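A.B. asks: As a plain string of letters, each chain reads:
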Amino acid sequence: MRSSANHYLSELIGFIFLGFCMLLFFFHEGMKLSITLFSDSLLTFNVVFISILLEALPFVLIGVVISGIIQVFVSEEQIRKFIPRNKFLAIIMSCLVGALFPACECGIVPIVRRLVGKGMPLFAGVGFLLTGPLINPIVIFSTYMAFGEDTKMALLRMIIGLIVALFITATICILFKNNQLKITKDSFRSEVQENEKQPLPTRLKAMIEHAIDEFFDMGKFLIIGAILAALVQTFISTKSILDLGEGLLGSTLVMMGLAYLLSLCSEADAFIAASFDHLLPNTSLLGFLIYGPMLDLKNTIMLMSVFKFRFVITLTILITVTVLAVLLLAHPLI
Amino acid sequence: MTLQKRQAIKALILLLFASFIFILHKTGDISYFIHPNYLHFSQIASVIFLILFFFQVPRIFRPTEDEYDHIYCGPWGCYHEEDGLSIKTMLSIGIIMIPLLSGFIMPYKIFGADEALKRGIQYSDLDHKLTSDDELALGVIKSLMRQPFIRLDDKGFSDYIGIISEYPEVFEGKEIEMEGFIVEDQYLAKKQKVIARFQVTHCIADAHASGFILENSNEFHLKDNSWIRMKGILKLRKEKQQYIPVIYINNFEEIDTPKRPYIFS
Numbered sequence: 001m002r003s004s005a006n007h008y009l010s011e012l013i014g015f016i017f018l019g020f021c022m023l024l025f026f027f028h029e030g031m032k033l034s035i036t037l038f039s040d041s042l043l044t045f046n047v048v049f050i051s052i053l054l055e056a057l058p059f060v061l062i063g064v065v066i067s068g069i070i071q072v073f074v075s076e077e078q079i080r081k082f083i084p085r086n087k088f089l090a091i092i093m094s095c096l097v098g099a100l101f102p103a104c105e106c107g108i109v110p111i112v113r114r115l116v117g118k119g120m121p122l123f124a125g126v127g128f129l130l131t132g133p134l135i136n137p138i139v140i141f142s143t144y145m146a147f148g149e150d151t152k153m154a155l156l157r158m159i160i161g162l163i164v165a166l167f168i169t170a171t172i173c174i175l176f177k178n179n180q181l182k183i184t185k186d187s188f189r190s191e192v193q194e195n196e197k198q199p200l201p202t203r204l205k206a207m208i209e210h211a212i213d214e215f216f217d218m219g220k221f222l223i224i225g226a227i228l229a230a231l232v233q234t235f236i237s238t239k240s241i242l243d244l245g246e247g248l249l250g251s252t253l254v255m256m257g258l259a260y261l262l263s264l265c266s267e268a269d270a271f272i273a274a275s276f277d278h279l280l281p282n283t284s285l286l287g288f289l290i291y292g293p294m295l296d297l298k299n300t301i302m303l304m305s306v307f308k309f310r311f312v313i314t315l316t317i318l319i320t321v322t323v324l325a326v327l328l329l330a331h332p333l334i
Numbered sequence: 335m336t337l338q339k340r341q342a343i344k345a346l347i348l349l350l351f352a353s354f355i356f357i358l359h360k361t362g363d364i365s366y367f368i369h370p371n372y373l374h375f376s377q378i379a380s381v382i383f384l385i386l387f388f389f390q391v392p393r394i395f396r397p398t399e400d401e402y403d404h405i406y407c408g409p410w411g412c413y414h415e416e417d418g419l420s421i422k423t424m425l426s427i428g429i430i431m432i433p434l435l436s437g438f439i440m441p442y443k444i445f446g447a448d449e450a451l452k453r454g455i456q457y458s459d460l461d462h463k464l465t466s467d468d469e470l471a472l473g474v475i476k477s478l479m480r481q482p483f484i485r486l487d488d489k490g491f492s493d494y495i496g497i498i499s500e501y502p503e504v505f506e507g508k509e510i511e512m513e514g515f516i517v518e519d520q521y522l523a524k525k526q527k528v529i530a531r532f533q534v535t536h537c538i539a540d541a542h543a544s545g546f547i548l549e550n551s552n553e554f555h556l557k558d559n560s561w562i563r564m565k566g567i568l569k570l571r572k573e574k575q576q577y578i579p580v581i582y583i584n585n586f587e588e589i590d591t592p593k594r595p596y597i598f599s
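So the sequence lines, in the order shown, correspond to chains V and R.
If you read the first sequence in my numbering, its first letter stands for residue 1, the second for the next number, and so on.
If you read the second sequence in my numbering, its first letter stands for residue 335, the second for the next number, and so on.
The hints are simulated quantities; they were obtained by calculation from the structure and are not laboratory data.
Note that the structure is a prediction, hence the values are computed from the model and not measured.
Quick reminder that beta carbons are idealized off the backbone N, C-alpha and C, glycines included.
Certain hints may be false.
To be verified - Looking from chain R toward chain V, a few residues come up when the C-beta cut is under 10 Å (computed): (1) Ala342; (2) Ser353; (3) Ile378; (4) Leu386; (5) Ile430; (6) Ser499; (7) Tyr501; (8) Glu503.
Make the full structure from the sequences, and use the hints.
C.D. replies: Set out below in C-alpha cells:
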C-alpha cells in the first residue's frame, strides 16, 4: 500500500517536472537577460564553455552507461581470470585487458582498487589503470572524429600510449611487492558478489541507476574542467601560451601541464587537443593526449585517497618522465 | 514516505539537460556551438538524458533503506553519496547547475574582432608543401583562374582560402569578393585593418581566424568589428622572406552579421 502511494507520488512529481520543461520550451526566450549586462569576455567565456560541454557530453554519457553495464554485469572474477600467473605475460595482459575496457580515468580508480583488493597484483592494476582510460573504443573513436576523421593521431595515441603503459607497468612490478593500498577498517570486510541471483530487470535498473550516479559524480569534474579550459581560452592568448614553451621540449611540457590541470575526461580531451592543431607539433599534442588520461589533477586526488602517498608520488614521477622520454625518442617518426 | 530532495533535484537536472539541448536544436542556436556534422551526437545525448530522467523519477520517493542495491558495490563500501543535502552535495549540485544557468540566461555572443586577436589571425600558410596533391591543387587553381573574380562566400572561403594562402603568387592581380569582419591587428607592423572570418572544425572552442590584410585600409572608413562585403585586388607583400597575400580594396559596403557567421570546414 505504502509503496504504491510512493509510486504515484513519484509519478506526480515527474509529471510536474515535465510540465515545467514544457513551459521552458515556450518561454525560454524571455529568460535571456540583456546582452549589455555582461562583459564581452564573460560572454565569450560562456560560449566556449558551453560548446566544450556540448561536445563532450555525448561521450561522457555513453561512458557512464557502459561503466554501469560493467559494474553490474561483469564481475571482477571474470576479469581476473584473464591475468596469467607468469609476470611477463601478466604485464602484457593487464595492459591489453585495460585497452578493451572502456572507462574514464576517474571511473577506473574504484575499479582498480577493488581488483587489487581482491588479490590482483599491484602492477597489473596499474597497467589496467593506465590503459583503461587511454586506449579504448570510445576514446579512439572520439580522437578519430576530433582530428577531422583522420586515423593518424588516433593510431599514434594508441601505440605510443601502449608502449608507455607497458614500460611503467614493468617498472612498478620491479619496485613494489605488496599492494600499497591504504589500510582502512573496510579492508577486513569481505563481500560475496551474487549477481546471478538477481533477476534481469533488477540488474538493468541497477545499471541505469549506477550510470546516473556516476554521471553526477563525474559531471562536476567535467564542468570544472570545461570552466578551466574556457578560462584559459578566453583570457590567455594562444601566442602567450606558445611563448611559454619554446621548442619541442617546451611545448610538449606545456601541453602535458595543461592536460594535468584541465583534468578532462579522455572521451572528450581529443577535441581540446584538436583546437591546438594549427599551432603546435603533433608530438606536443600527443603529450596532451597520452599524459592526460594517465594522470591528471582530479585523478591524483582520487589515487591519494586509495593508495599510499609514497606510491602515488612514485607513480606520478614515473608517468611524467616516461611519457616525455618516449615522445621525444619517437618524435622523428611522428 | 519522505521526499528524497537530492534525488528530486537530480531528476530535474537530468530533464533540464535534455531540454536545454533540445531547445538549442529547436531554435537553431546550436550552430553557435558545434559543427553541423556533429549534431547527431548531441541529439543522442539529449535522448539519453531523457531516459535517465525516467529512471531517476521512481527514486524520488523511495525509502532510503531500499535505495541502493549494495550487492553490486565493492568490498570497500560504495561511492553513493550520503542522503540529505549536506554542504558537499549542495556544492556539487551547484557546479552541475552552472552550464544550465549560464546557458539559459546569458545571450550567445558571436565571435568577432576581440576573439580573433586573442587567438591570432592566420594570413598565410607557413609550410609550403608541394606534395602529391599537387595535381588536385592545379585543377582547383585552373578552375579559379577561369572565373572573372574569386568569390569567398560561405562555401568558397573554406574551399579556396587554403589554396590562395598556399600559392599566393599564382593569384596575384586577381579580383576577390569577400564577406568578413574588420579587425585592427596590433601585431602587424603598420596600422592596418584586416578582414577575417572564423573557421570551425568541430566546436567553437577550436575556432581559428584567417583572413587578409587590407593594404589601403586608411583610405576607407572601416569600423572595428563591423561586417562588410568588399571587392578588391589580390597583391603580394614580401615579409620575412615570405610572400603574404594582401588586398587592395576597390569598394565595400557594410552588411549585417550573417546568419551563418562561422565557416564550417
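A.B. asks: Take the hints in turn and mark each one as holding or not.
C.D. replies: Against the structure, the hints come out as follows:
1. Ala342: Since chain V brings a Cβ to about 6 Å from alanine 342 (chain R), closer than 10 Å, the hint holds.
2. Ser353: holds, 5 Å
3. Ile378: This interface hint holds because 6 Å falls under the 10 Å limit.
4. Leu386: Where the cut-off is 10 Å and the nearest Cβ of chain V is about 5 Å from leucine 386 (chain R), the hint holds.
5. Ile430: Isoleucine 430 (chain R) check passes; min Cβ-Cβ to chain V is 5 Å, inside 10 Å.
6. Ser499: Violated, about 12 Å.
7. Tyr501: With a closest approach of 19 Å, the tyrosine 501 (chain R) hint is violated.
8. Glu503: For glutamate 503 (chain R), the interface hint is violated, since the closest Cβ of chain V sits about 22 Å away, which is over 10 Å.
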